[in-house]
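Number of protein chains: 2
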Amino acid sequence: MPISKIYKLYISPDRKYVKVLNNLLGFVPSNLSLYKMAFRHKSVALILKNGSKSSNERLEFLGDAVLGSVVAEVLFKLYPYKEEGFLTEMRSKIVRRANLNQLGRKLGFQELIDFDIKSINVNAKQSSLLGDAFEALIGAVYLDKGYNFTKEFIDERIIKPHVDIHTLELTETNFKSKLIEWCQRHSKDISFEPISNVEGDSAKLFTVRVFIDSEPMAIGVDYNKKNAEKFAAEKSCEMLGI
Amino acid sequence: MPISKIYKLYISPDRKYVKVLNNLLGFVPSNLSLYKMAFRHKSVALILKNGSKSSNERLEFLGDAVLGSVVAEVLFKLYPYKEEGFLTEMRSKIVRRANLNQLGRKLGFQELIDFDIKSINVNAKQSSLLGDAFEALIGAVYLDKGYNFTKEFIDERIIKPHVDIHTLELTETNFKSKLIEWCQRHSKDISFEPISNVEGDSAKLFTVRVFIDSEPMAIGVDYNKKNAEKFAAEKSCEMLGI
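Chain order of the listed sequences is A and B. Residues in the first sequence are numbered from 144 upward in steps of one, following the numbering used here. Residues in the second sequence are numbered from 144 upward in steps of one, following the numbering used here.
Calculated directly from the structure, the hints in this document are not laboratory data. Please note that the accuracy of each hint is not assured.
Identical copies carry no separate label here, and so any pair may be met within one copy or between two of them.
[As the list claims (entries may be wrong)] Here are the computed lysine-lysine pairs in the BS3-like style, where the Cα-Cα straight-line distance is at most 30 Å:
#1 321 with 148
#2 192 with 225
#3 185 with 225
#4 369 with 331
#5 288 with 303
These numbers come from a predicted model, not from an experiment.
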């Protein structure tokens with residue numbers, strides 16, 4: 144083991160944190176501050192000298208992009224004869240916020256994320272804290288170790304052990320049922336309200352909005368009413384991180 | 144110069160094509176078939192033995208993701224103190240379909256793309272042929288040469304010579320004016336029609352749809368009518384590749 148690694152794992156003041164990261168990632172990070180930043184929620188952002196704030200939001204932007212690119216390549220190679228529409232749909236199934244939240248939970252992020260519980264309402268906490276940190280972590284690994292390393296990390300430590308791609312392929316998520324079940328579980332009222340039925344020049348266009356406990360959620364628009372509801376439910380699930 | 148390069152440039156039956164690509168890219172491709180595929184529009188897709196079609200659509204999916212990731216990193220490093228919202232907006236300004244079409248035109252793609260003119264209507268041709276091929280080319284370069292090479296290629300041959308990031312930063316595109324001007328230039332009627340004004344529990348929600356020559360285009364939704372129109376105009380510009 145190189146001396147720098149021994150120092151980080153056993154001697155440095157950060158050794159506890161380094162060990163936790165080593166267990167999580169499967170490698171000893173080079174630049175520890177990137178990982179600290181990945182787990183710093185905006186509710187506890189550092190204020191820099193120039194007045195700007197430092198939290199995991201910027202890393203999340205970068206990690207989201209890197210993750211999208213890696214997953215695109217994995218699917219491109221896994222399905223050499225499938226068309227672009229299929230690949231796009233599969234990717235969005237994999238990188239859905241709810242999946243990323245679940246991944247974050249499986250990986251034990253709840254112990255690692257630094258946030259101010261007072262400033263976070265329960266819905267927001269549930270919806271995005273873990274998934275956002277997951278993307279930020281990918282951004283940190285990328286800056287620390289480069290693209291090819293990150294690609295292998297995502298493939299070996301995330302996708303292979305935690306994502307069942309072939310099951311996802313067969314799963315057509317019924318977002319409407321999913322949303323209704325979630326509301327039942329949380330004792331919330333849900334309704335799908337048509338907010339306009341307009342006669343266009345060619346066909347009737349439906350706009351539907353989901354309301355949960357009278358709070359307006361996402362809107363869906365389609366020429367078919369069921370589809371409009373489906374789209375509204377899907378976007379609402381995304382908003383709630385379900 | 145290595146023998147394989149001399150062969151490709153001066154001896155192989157593809158030497159003319161290799162020279163064109165060499166001028167365009169600044170390097171001699173290793174796997175020529177990837178680049179041929181990048182310039183094959185779906186209207187002239189090859190039918191493979193198993194019945195699936197081969198055109199640039201799959202490469203476009205991959206290239207779009209790689210481009211998004213590279214541009215994310217460029218912006219992340221260029222603007223170390225800007226927040227995620229700014230970075231997201233800047234990226235969408237850079238990778239807008241209209242910009243990619245323009246890049247494709249500057250790079251001379253119109254001479255390279257293989258397509259069946261009969262199967263393409265004028266709008267569709269204008270809207271996406273060049274930008275789609277641009278993304279597919281990025282996908283080809285990535286598969287041929289890897290991520291770091293592609294990153295340098297995008298930065299050195301595309302962004303630095305052709306994208307004025309600091310001007311884009313200052314430009315707040317007025318999509319409504321842009322769309323109206325485009326309609327005037329093409330002698331088309333345009334209207335922004337409210338398709339619903341709904342009293343929600345907290346505020347009035349506006350849904351606006353753009354119609355061009357009575358053809359329905361994109362929809363915008365917002366609590367502010369002007370914003371709803373702006374969003375509808377922006378999405379319509381994207382649809383038309385303006």
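A quick look at each hint next to the structure:
In this assembly of identical chains, residue 321 and residue 148 lie within 30 Å of each other by CA distance neither inside one copy nor across copies; the values are 46 Å within and 57 Å between. In the homo-oligomer, the alpha carbons of residue 192 and residue 225 lie at most 30 Å apart only across protomers (14 Å), although the nearest pairing inside one protomer, at 51 Å, exceeds that limit. Taking identical chains as interchangeable, the C-alpha atoms of residue 185 and residue 225 lie at most 30 Å apart only when they sit on different chains, with a minimum of 14 Å there against 40 Å within one chain. In this homomeric assembly, residue 369 and residue 331 come within 30 Å of each other (Cα to Cα) only inside a single copy, at 22 Å, whereas the closest approach across copies is 33 Å.
For the identical chains of this complex, residue 288 and residue 303 are neighbours both inside a copy (20 Å) and across copies (25 Å), given an alpha-carbon limit of 30 Å.
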